[in-house]
Every structure is written in structure tokens, then in C-alpha cells.
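In order, the protein sequence lines correspond to chains A and B.
Those letters in the first sequence? Residues 560 to 1120, per my numbering, in order.
Those letters in the second sequence? Residues 1005 to 1418, per my numbering, in order.
Read the hints as simulated data drawn from the structure, not as lab findings.
Heads up, some of the hints might be wrong.
As the list claims (entries may be wrong) - Below, simulated DMTMM-like cross-link-like pairs (lysine to aspartate or glutamate); rule was C-alpha separation at most 25 angstroms, straight line:
#	chain 1	residue 1	chain 2	residue 2
1	B	1331	A	658
2	A	1115	B	1006
3	A	669	B	1006
4	A	1106	A	710
5	A	669	B	1332
6	B	1207	B	1281
7	A	1106	B	1006
8	B	1331	A	673
9	A	1115	B	1008
10	B	1415	A	1065
11	A	804	A	1065
12	A	722	B	1006
13	A	1098	B	1281
14	A	1098	B	1407
15	A	1098	B	1040
16	A	1106	B	1248
17	A	851	A	822
18	A	1115	B	1407
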Amino acid sequence: MTVIKWNIRAGTYYDSVVLMQLQRGLLELNGVIDAGVVMATPANKDLLATNNLLPDAISANPDDLLIVVKANDDSSAENAINQVDELLTRRKSSSVSEDFRPRSLSAAVKQLLEANWVLISVPGRYAAGVAREALDLGKHVFLYSDNVSLEDEIALKKFAREKGLLVMGPDCGTAIINGIGLGFANRVRRGSIGVVGASGTGTQAVTAQIHNLGAGISHAIGTGGRDLKSDVGAITAHQALDALKRDDETKVIVLISKPPSPDVATSLISAAQNAGKPVVIYFIGYPPPARKIGNLHFAISLSEAAEMAIKIRDLRLETGTKSPVSSLYVRGLFSGGTLAYETMIGLQASLSPLFSNSPITNSQILSDPLHSRAHTIIDLGDEFFMVGRLHPMIDNDLRIRRMKQEAADPEVGMILFDVVLGEGSHLNPTGELVPAIRAIQASRKGIEFAAMVIGTDDDPQNLQLQVSALEEAGVKVFRTATEAVEYISLKFGASKKNEFTPINLEQLKRPLTAINVGLESFYESLISQGAQAVHVEWKPPAGGNEKMAALLARMKNKREN
Amino acid sequence: MDIDNANQTAVNRLMEARPILKGVAPAKDVIPGMKDNLFLHAGPPIEWARMSGPLKGAIIGAMLFEGVAASEAEATAMAERGEVEFDSCHHHGAVGPMAGVTSASMKVYVVENVEHGNKSFSNLNEGYGKVLRYGAYSDDVLKKLHWMNDVLGVALADALAASNGIDLRALMSEALHMGDEGHNRNKAGSLLYLKLIAPLIAKTMKDNAVMSEVLQFLGDNALSVLNPVMAACKAMTDAAHGVEGSTIVTTMARNGTDFGIRVSGLGEKQWFTAPAEIPVGLFFSGYSQADANPDIGDSAITETAGIGGFAMATAPAIVTFVGGTPKDAMNATLEMYEITFAESKFFTMPSLDFRGTPTGIDIRKVVELGITPRINTGIAHKNAGVGQVGAGLVRPPLAIFEEALVAFAEKYQL
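Whole structure, please, built from the sequences with the hints as guidance.
Structure, rendered in C-alpha cells:
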């Protein structure tokens, strides 16, 4: 009859590689049927349960080492448990004459003075502390650990941004810096495509595809999955974008994320518009506003993002043709809901704040449809305006009044409207609109008009005549919403200067030299890629003794006062 | 309160202390609070009943030396009845290797820290073999002690009186560059000491035959300099004690029963103690780990000051004591950087590109990382009078650093 014995060692942390070796050592002992040696995280406990190795009524925390042995009889199980220390020491004594392995970050830094990165993969509750220490020491951080609180993430990233340092993560799985893969990364050739990735596997898919298609990567900078949530506000993504923008070796940038918060997406897209080089954007699950807006290219899949990046790598960018006028607003006055909606989707990518009486998200609701705010798109065909009135496609009166109202606002730089021709519509809409526009132009200098004209050569209104009338009045005419969106985005997209300390590019371009705190396999991977690295033999502070750790934390806080 | 600033102050005081060997004099003439029936010993204070074999033996020997008792039995009985007093060397600015027993009429080295003005004291080194510091008190041992007091001590006293003193910090720095770590290995330092003291002895001694004896004794004993070095380290660490808010360790010492530490920002006589561990090391032929007494001696003052086990990287010859390779010696020093606050300005190591030795043990780092200081040590036989049986490595119990941390937090209301 089989027996299960176990041993819990509170606050004893070992790297999983060590634990696996220990487990293998236990399995080789006489009479042992199965063994599990794990840090007692919920996931690990589940795994033990699946293998019928989790004893009932066991109380072990994620910081505890849990050793479980299933054996043929009591004495074999007992013997195996007793062998644990010897097996652990045997491993140690085999490494007696190895290079010194520091136990603290500060000692590691002294051993490898030129280190510019710190990789952190310790349990989440300790990770922020280690990251903070790395930033204090002036190092960029690759933070693989998860279970770092949102508050800690924000605090760390703000602190890093002040110092011109990157915090990739928490929960950042992948990055490639100067050809060296951090965490989980594919071996890809170096090249001129830079990647900013809020998704680890997404970054792997894109960088691998770029390599497979014959091109290469300058840097792939991870941000961690929460970076593009509005709480964090894409701090790292903005820093990364800015760095790649300034990096001469990067010819095109790829921006990948799971669905970002709309406001964050907008700010990132605006920043990308000012990159001065092509940017391919793929926000998985986020409606692409267009295929292309100026230097921005919107992909619809990871593989397409890779293909696009390679294709446009060598495109010469037109610059200087459109100077943004971000202090002024655009007001759209539409007669058709769908055109208004398509324009909204396109513009929301780069204009903020953006309001409408038929919004896409709640934050865009225009509380009073009669009064526009900031950038506003109005659907005049909405029921609100239709009570007791003819549809604006038949009657231009409402729209002309609203044009005057908008033009009276000194913050308005452009009035956009649609002209929908065809059966049933007004027979000469520009006949009424153009005189009104000319009257406004006479009294209000510098205001721009743009029209989206929908119609065919066979329509009763005479398409060509309508377009010419508009153009003669100085109205910019578009035939699709996409064209209009591109034009307006480039003109009105925010072009604020960065409000953070830029990352020192020279430091980023230096060969990657790193200190690894946590998973030994990350260290081994760095070494096998030819990077210089030091591994920190990390253990929880005060050996997991919470009272002592709390005391030490207070004594550290005192130090900062 | 800023702990880092306080520690910087304490460590600066430790490093900048300038210990000069000024003289040799009877203990009761120079050691504050010394008196006829007082016997100083190594380590934290301890009462007779709890003393280990070697310490009891050394006390008996010192009582016989002083003539306080006529026999072992009488000495033991007096000690049991409380007719003699005991105190820690450290409460009197003194240190002694192993049992560290110092009595009123024993000649002691006088070291003055000319930077901060404090003084420290240490007895004279007896050399190898059956010696009082390992608890031996046979007639031979006592006879040698008397010769040391009456001949060697006088010669050294006269010689030093005729000089401006010997700069021990400079001597230690040079010895570190010559393969000593200053605790277990003092070959180079002792020769440097002989080089400096010999001309002075020649200048003051009349009798050439006796002078030859004295120089022979100093030259044969590769530990001659250990006691002045320990006193120098004591002068340095005492200068660092009493800095408000500092978490730097200013004493590590063992009495053969307990291991004790003191911390700069805590009390003068506030010790944190736990049972001393038995050192692990290499044994002289015929002895084994089973013969070893728990750790004993004030010599860990060298590690406290940043040499000894902390300077292993500069003394590759002694790594065999701890059963390792030169790389292990390097690693030993690298490990000590983890728990120290600074690197010495004056004690440097060629093998580490002249990096300063790890200096100023910070109890915060010890507790945070769970790394305790490494101490190179001689190993005493657990029975009184047998003497040294080996040399090796020992570490203080982690618990005393935790206790000190708690006491610190309480005192400063953290």
C-alpha cells in the first residue's frame, strides 16, 4: 500500500531548475513511486492534485517550498524526505569553484559595472522592490514577474520615465535589445524594423515572421500587457515609440497590442503620427480607422503587420506637407449616420477629445447636441433634430444654421460636411451651401471647409457640377470617408512635445549587458546568446521571515526620509 | 533619522582611525577599571559556571600566574565562590585571542588611535603549542608567561618608549599586499613587525644574549603581530561605536560558550548573544572535529574591522583551511561585500584590482540576505589545557543579528 509524506519549508525559495533536479534525485531513490518538489503556488498545487500528489488539509503558501513523496512504504518515504538536504548540498558542492554569484542587486552591479539592464523574474510580491532598486541604480528593467499590483506598476513606470529608463513589464514575456532576446524571444536577425509590443506572443509572432521573410529587427521593446490600459496610460509604449523614433537604425516601427483603452490608443496613434517614419499598427480587436493615414499603416493581423513593415520599410516619407494645427478643432456636420460613424471611427484614433451625438464609446457622448465641444461629429439625421423637420438631405436649412454657429466659435478650424447626391436628395445642394460658405468665409478668416461628396455621374444633381462649385469656393472635396479621415488626422492630430525625459539612445545601443534576478534559465539564455550577464542568487528578504522583512522595509523607508 | 548617513559616519570613523602602537605596560597601569582580582576574558560577559573548558583553564592559569591561588583546585574553588571577578575585555577597551584572559600584572600592548584619541589594549602573543590562550596552565606555560612579562615585555616597552610608535594601519595594509589576511595568517605582518621593532630593541637593550633570545622569540612566532593588530582593530571599531542611528557592527566576539555582537547605534554594553557554533576546518594530526570547542576569542575583531575572513581574496595560501581553491577565497571576499556598508580606503587587495576590503558589517544586510560574516579562526580543544587542534571557518548565528535589528527598531521606534 502506498504512502504519501510531505514536508513544507516556509519561506524557502529555490529556482525551479533546482527543484526539478531535486525532484529527479528523489525519484531515483528506492521505493519512491512519485515525487513533487515545488513552490506552493496555486498553479503548482493544482498540478500536484492532478497527479494525486496533493495531500488533503495541507496549508502552504506560494513562498513555501513543498516536498511531497509517494512511496511503497513508510520508511522509503521517510528516507526520501530525509535525503532532501543532502541532495540540495550535493548540487551546491559541485559548484564550489564557480564564479561568485551575488545575492543582491547592489553586489551584482559592482561585479558588472557596465550592466545596463536588469531582468527580474522573482515572485510578484517581491518584484516591485527589486525593480525599484534597479531603477535607483540607473538600470533599465525587464520585468517578467506577474502579480505586481497596478499601483506598483504605475509608480515604477512614472519613476522610470522621470529618470529616462524603461520598465518593460510587469508580465513582460518578450523583448529583443540589440539582437539579444530577453525572456521568451526568437532568434531573429538584426535589421531596421523596430517593434513596440504590449503582447509577448504577438511580438514573437511578428518578429519571427519578419525574420522568416528575410528582414530583421532593430529592437523589440515589450511593455507588459497592462501598459495600454488607461490607468497606466501607455507610459512604456510612449517611451519606446519615442526611442525608436529617434533611433537611426530603425526605419519602420511596428506597434502591437491587445485591445488598448480608446483614449490610450488615441494618444499612441497621435504620437506615432509624429514619428517621422512609417508605423505599422495592429491593435488586436480594435477597429482600424483606415488602412493608411499618413505615415500610419493599420494591419489586420500579426502576419500582415510583419509583411507591411517589410514592404514599407524603404518608402520615402512625405513630410512637411501638412502642418498640424492642434490648437483648433474640427466640427463635422453629417446628414447620414453611417458616414458620421465611419468618420468617427477613423478620427477617434488620433483626435482627442472627440464628441458626438452618435458616439462609439460612452466617453464621447455630447451632452448637449445643440452645442459642440472640442472635436465634434454631429449626425443631423438623428431623431433629435428631425422632430418637425425635413431630413437634411432634402433641406439644408438646419445645416447652414449650424455651420454659422460653429464658425462663430474661434476654436473651430475646420467644418466638415457631407453632400449625398442621388434620387430623393435635394436637387442642387451646393446651390444653397456654397453661398452660405462664402458668407462665412467673408466674415471668418482662416476657417477651412471640407466636404465628403457621395454620388455618381448619372445622379440627377450632376456630380461634376456639385464638386466644381465646392472647389471653386475653396472647399476641400473628398470622395470617401477614408480620404477625409487621413487628411483631418494629419492636420489635427495632436503633436504635443514629449513631457518625459527621453531614453538615452547611446545607452540603448550599447551591447546588452544584464543582471538577472530570478529564473536561472533567463541567465543561461543570455550567456548562450553571447551577452555579458551576472546571475543574482536571489532569495526572499530575511529568508521569508515576514516580521524581519517588514522591519527592514521600514528601515529602508527611514533611509529615504 | 537617516540610517545611511549614520552608517557612513560610523564607517568613516572606523576607516579613518589611525592606530599607533605606543607602548607596553602592566594591565593594571593602563587598562581602565583594571584591578588585582579582576580577570578579563574574550567575548561577551559570562559567569564561571557557563564557561567552557579552555576559558576556565586560562582563568586558572592566570590566577596561578598572579599568585591569587596556589593550585588548580584552589583557583577553581575561589572562582566558584565568587572570590574573583570576571569581565569582558571589550568593556575595558581590550581584546585577546582565543580565551583572551588578561590579568592585572600582565604586560599589554597599548595602541592609541591618534585620529580620535581612544586607546586599546591586547596581551602579548605566546606563540604556538601549549599556551594559556588555549587554556593550558602547566608549569611550562606559566614559566613562559613570566619570561614574556619580565624579559620580552620590558624589552618591547623600552623599545617602543624610544620611538614615535609603530603605525599599525600602514603595517596591516602592507601585510595584506604580502599574502596575509591579518587574522589566521600573519607571517608577513609579523616579519614587518620584527623589521620595525628590531632596530629599536637593539638601540635600548644592553645584553646581546637576551636580545638574541627576544628577537628569536618574535621572529619564530608567525603570530607575533596578531595581538597588536587585534588591538589596532579594536581601536578602529571602538571609534565607530556609539554613532546614533547606525546599524554597523562594532564587535564580534566569542567566549567559548556564546557568540556576541554589539552595534554602533545601540548600547555600550548591549550584547546580542547566542550559543557559539563549533568551527569547521582542518585539524592537526590526531585531532578531529569531535575535539573542537565552540568558537572562542576576540580575534573576530579583525573581521569586524574589515580584514581576516573578509580579506580572504588577498591571502590565497590560507584557503586550504576552508578546503577550497583560490577562487573560493575570492568568492569569500565577494560574499562579504554583500553585507558591508563600504569598502576600505586603506586596506586594499591586489588580486581584486586593489579594491578595498569589505568594511562595516550592516545588520540590515545580514538579516535581509541571510548572509552571516565569515570568520577565520583557530580551533581550541574542548578540554582545558590541550591547546589548539586546528583552524577553520565559523559564522555567527543569524539570530543575534535579528535580535539586534529588533532592538534597534525598538530603540529608534521604527
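Hint by hint, which ones does the structure fall short of?
Structure breaks hints 6, 10 and 15.
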